[in-house]
Amino acid sequence: MKKLLLFCSLLLAGSTGATSVATATYATASGIEARAATVYICNNGKTAVYHSGMDCSAMKRCTHETVTTTEAKAQGAGKRRCMKCF
Numbered sequence: 112m113k114k115l116l117l118f119c120s121l122l123l124a125g126s127t128g129a130t131s132v133a134t135a136t137y138a139t140a141s142g143i144e145a146r147a148a149t150v151y152i153c154n155n156g157k158t159a160v161y162h163s164g165m166d167c168s169a170m171k172r173c174t175h176e177t178v179t180t181t182e183a184k185a186q187g188a189g190k191r192r193c194m195k196c197f
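Each residue of the sequence shown is one higher than the last, beginning at 112 in the working numbering.
Treat the hints with care, since some could be wrong.
Unchecked claim - DSSO-like mimics (lysine-lysine), calculated; alpha carbons at most 27 Å apart, straight line:
(1) K195 x K184
(2) K157 x K195
(3) K157 x K171
(4) K184 x K171
(5) K190 x K157
(6) K157 x K184
(7) K171 x K195
(8) K171 x K190
Rather than coming from a laboratory, the hints here were simulated on the basis of the structure.
With the hints as extra help, turn the sequences into a complete structure.
Next up, the structure:
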């Protein structure tokens, strides 16, 4: 469901010409909440992936600094989604 909502919000942002960071829209009991999609990168100098959370098994093995950024910025830096946590 999260992926579908993220896709729809990105599609909507693309059709309106918006150039801001990607947002994920979540339906909550109190209504609709939009927030920037936060991702995590193990800054070991050679990683090519970003992770959806610190609880990913690949992130747990990281012994270097962890960088928190938005999904749009990570993609702009040439990173791809982790196949384990996305």
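Status of the hints after comparison with the structure:
1. For the hint pairing K195 with K184, the CA-to-CA distance comes to about 20 Å; that is within 27 Å, so the pair holds.
2. With a CA separation close to 18 Å, the supplied pair K157 and K195 stays within the 27 Å bound.
3. For a cut-off of 27 Å, the pair hint linking K157 to K171 stands: about 17 Å separates their Cα positions.
4. For the given pair, K184 sits about 22 Å from K171 by alpha-carbon distance, which is consistent with the 27 Å threshold.
5. For the hint linking K190 to K157, the alpha-carbon distance of about 10 Å falls within 27 Å, and the restraint holds.
6. Proximity of K157 to K184 is assessed by CA-CA distance (about 17 Å); at most 27 Å being required, the pair is judged to hold.
7. Taking the CA atoms of K171 and K195, the gap is near 12 Å; set against the 27 Å cutoff, the hint holds.
8. Of the supplied pair hints, the one linking K171 and K190 holds, its CA atoms being roughly 18 Å apart against a limit of 27 Å.
Violated hints: none; the structure is consistent with every hint.
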